[in-house]
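Engineer: So the chains spell out like this:
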Amino acid sequence: MQLPRFLRTTSFRLTVLYAGFFCASVLILFGVMYWVGAGFISDQIDQTAAAEVAEVRTAAHGGSLAALRGTVTAYSANASRGMYYLLLDAKGAKLAGNIAPLAPVLGVRIWAARDEGGSFNGTPHEVRGLGVAAPEGGYLFVGLDAYELEEMREMISRSFLVGILATIVLALGSGSILSVGLLRRVETISQTSRDIIAGDLSRRIPVRATNDEFDHLAASLNAMLDRIETLMAGLQEVSTDIAHDLRTPLTRHRQRLELARAGNSLADVRLALDRSIEDVDSILDTFTALLRITQIEAHTRATAFATIDLSAMLNDMAETYASVAEEQGQTLATNVAGGLLIMGDRELLPQLFSNLIENAIRHCPAGTVITVAAAATPGHGVVVEITDTGPGIPADMRTKVFQRFFRLERSRTTEGTGLGLSLCAAIAALHNAVILLSDNHPGLKVTLRFQTANQTV
Amino acid sequence: MKILLIEDDRETAEYIARGLSEAGHTLSVAADGRDGLFRATGEQWDLLIIDRMLPGVDGLSIVRTLRAGGNVAPILFLTTLGGVGDRVSGLDAGADDYLTKPFAFAELIARVNALGRRPREIKAETTLRVGDLELDLLKRTVRRGDKPILLQPREFKLLEYLMRHAGEVVTRTMLLESVWDFHFDPRTNVVETHISRLRSKIHREGFDDLIQTVRGAGYLLDAAA
Chain A
1 MQLPRFLRTT SFRLTVLYAG FFCASVLILF GVMYWVGAGF ISDQIDQTAA AEVAEVRTAA
61 HGGSLAALRG TVTAYSANAS RGMYYLLLDA KGAKLAGNIA PLAPVLGVRI WAARDEGGSF
121 NGTPHEVRGL GVAAPEGGYL FVGLDAYELE EMREMISRSF LVGILATIVL ALGSGSILSV
181 GLLRRVETIS QTSRDIIAGD LSRRIPVRAT NDEFDHLAAS LNAMLDRIET LMAGLQEVST
241 DIAHDLRTPL TRHRQRLELA RAGNSLADVR LALDRSIEDV DSILDTFTAL LRITQIEAHT
301 RATAFATIDL SAMLNDMAET YASVAEEQGQ TLATNVAGGL LIMGDRELLP QLFSNLIENA
361 IRHCPAGTVI TVAAAATPGH GVVVEITDTG PGIPADMRTK VFQRFFRLER SRTTEGTGLG
421 LSLCAAIAAL HNAVILLSDN HPGLKVTLRF QTANQTV
Chain B
1001 MKILLIEDDR ETAEYIARGL SEAGHTLSVA ADGRDGLFRA TGEQWDLLII DRMLPGVDGL
1061 SIVRTLRAGG NVAPILFLTT LGGVGDRVSG LDAGADDYLT KPFAFAELIA RVNALGRRPR
1121 EIKAETTLRV GDLELDLLKR TVRRGDKPIL LQPREFKLLE YLMRHAGEVV TRTMLLESVW
1181 DFHFDPRTNV VETHISRLRS KIHREGFDDL IQTVRGAGYL LDAAA
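Chains as they are written, first to last, in the working numbering: chain A, 1 to 457; chain B, 1001 to 1225.
Residues on chain B that point at chain A, a partial pick, calculated with CB under 8 angstroms: (1) Gly1085; (2) Pro1102; (3) Arg1154; (4) Trp1180; (5) His1183; (6) Phe1184; (7) Asp1185; (8) Pro1186; (9) Arg1187; (10) Thr1188; (11) Asn1189; (12) Thr1193; (13) His1194.
Below are the EDC-like pairs computed for lysine to aspartate or glutamate, each with C-alpha atoms no more than 20 angstroms apart in a straight line: (14) B/Lys1101 <-> A/Asp274; (15) B/Lys1201 <-> A/Glu326; (16) B/Lys1201 <-> A/Glu327; (17) B/Lys1201 <-> A/Glu319; (18) B/Lys1101 <-> B/Asp1008; (19) B/Lys1101 <-> A/Asp281; (20) B/Lys1157 <-> A/Asp316; (21) A/Lys400 <-> A/Asp439; (22) B/Lys1157 <-> A/Glu319; (23) B/Lys1002 <-> B/Asp1046; (24) B/Lys1002 <-> B/Glu1014; (25) A/Lys400 <-> A/Asp245; (26) A/Lys445 <-> A/Asp396; (27) B/Lys1101 <-> A/Glu278; (28) B/Lys1101 <-> A/Asp279; (29) B/Lys1101 <-> A/Asp285; (30) B/Lys1157 <-> B/Asp1132; (31) B/Lys1157 <-> B/Asp1136.
What the hints contain is simulated information worked out from the structure, not anything from laboratory work. The C-beta atom is built at its ideal place from N, Cα and C for all residues, glycine as well.
Model the full assembly from the supplied sequences, consistent with the hints where possible.
Structural biologist: Structure (C-alpha cells):
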C-alpha cells in the first residue's frame, strides 16, 4: 500500500526528522530536570536524616546503647508522619523503633517500606535514610519517607509524556501542512513542464511575487525555456535551410548523372562526371563547414589556445591576399599596430580573418579599397577592423547574416556555402571576442574585439 | 614503393589500392587494427597508410605503438572525421601526414610520393637547384642563369617548397598547408594567384615555364622542360 503522496515528500520526511530531534531534546530536558530535581530532594532527605541522627545521639546524653534505646523509643512514639527510627543491638535484634528490623547497612540507604506502624494505607513506598553504628555494636537508623521524590518523578513523567505527545502532534501537523503547500508549488512546475513536453513551448511557470527559492527556480526555468524556444526555432529554420540548400546541388548532381548516362561520347560522359564530382564536393564543403561550426560552438577547442602574435598574423594575411585583391582590381591596405598579442587558436584564427577578407574580395567590385587594421585600446582589449568601400550590408541584415545559410538576395547565386559568417561568429565566440558589423560610409566595417593575452578570463 | 594499407572499409581500400597500383606501387591491405599492427611490425615497408577508425586496435594507438617501438617508416593517416583537433592529435602521435576522406586520387598519390622521398634526412644543402634555377637558402636569394630574381617572402617560401618537391606533383591542399599554414579551404584562388606571379617572375625568354599546372592534380616544378 503506497503512502499518500504528501507523506512521501522530502519536506514531510524533514519534518519527521525535526520532530525526532525535538523529541530527543525534550527527552534530554526532562532528563536533566529529573536528575537535578531528584538530586536536590534526595540531598534534602539525606541532610534531614543526618540531622535527626545527630539529634538522637545528642538526646541520648552519653551514648550507651541503653540510653540510646530510651531516646529512640521516645522519638518513635512521637514520630511525625514519615519519620522512621530503628535501633538494633549487636545481634541484630530490634531494641526500639517504629519499623521492622533491617540488615545493619551503614551509610545512606533506600528501601521499600512495608506496613509497620506509621506507614500509609498499606501501600509500599520508598524510605530513604542514614544508618550509623551505635555503641556496643548496635545499629541506629533514621529514615524519611521519600514520597516527595516519588511525586516529583511522577509529575515529571506525566509532563514529559504530555510534552512529547504535543511535540509529535505539532510536528506532524505542521509538517503535513507545509508538505501540502510545497507539494502544490512543485506540482505547478511539474504540470507546466508536462504541458511543455506535450508541445506547448510557449508556456512558462507562474511566478508568485514572493521572491523565494521557488520563484528563483521558476524564473531560472523560464529563462531556460526561453533559450530552448529560441534554439528550437533556430533549429527548425536551419533544418529547412539545409534541406533547401542541399537539394539544389543534389538535384543538379542527379540531373548531370542522368545526362552522363545518356551521353553520346566518352568525352561527354567524362565531362558530366567531372561536373558531378564538383557538385558532390560542394555538398561535402557544406557539411564540413557545418561540422566545424558545431564543433567550435561546443567549445571543444577552448583548451588549444596559445599566445598568438596577432600583428604578425594579420600582416601575413594581408600579404597573402594583396595579390588576390590586385587580380580583382582591388587594393588591400594595412594599418596593423605592432606587438599585439592575444590568446587564441592557431588554426581557427587564420580561418576567421581569411573568411572576412575573402568576403570583401568576393562581394565587392573592382576599385574597392579593403583595409586590415588592428590596434590595442587601453582597457578594451585588441580591436581588429576589416573594412571595405564596397556595397556594404543593410542595417537590418547585420545580425541576420551570421545565421547559418543566410544569404543576401544579391549573393544568392554566387558560389559559397552561406556558412562563412556563421563560422566567423562561432570562432569569435570561442575566443570570447565581440564581432560587429557596421557602416563604413561607404561599405562594410567588420570589428572584432579580443581580450589581450594578459587579460584572459 | 612497398605500401601497407590498414583500412577496414572495403570500398575505400579498393579505391586506394586501385589508385596506388596504377601509380606503380605495391600494395598490401590489412582489414583490422590488430592484423595491421602485426604486419606493420613484421615487415619492412616504404610507407604505411593507416585509417583512424579501426576495429580492434584503433589507428592512433597503432601509430603510437609503432613510434614507441622505434619504427621510422613514414605514416599517412586517414580519417573521415576532419575534426578541428584530429589533425594535431594524429601528427602528435607520430604520423607524418594527414588526409581527410573523401580525397581525390591525385591528392593521395601526390602525398604518397612526397612521403616516399627517402632518405628524409635533410642534407645540409644551402642551395636548391632545378635546371638553371638556383635558390640560396642562406642568403634568401634566387637567380635564373645569372639573372637575380626578386621575390616576396611568401613567393620565396612557395618556390622553396616546389623546388624541394621538384619532379613531383604537389596539390593545392599541400601548398596551402605547408606554405601558408592554412588548414581550411580558402574561398578565393590564393594559390593560383601566387603561382602565376611566381611563374612570370622566374620566366626566362625562350625557355618553357618551369612550373607546370597538372590538371585535376596540382602543380609540378620540373627542369625537363
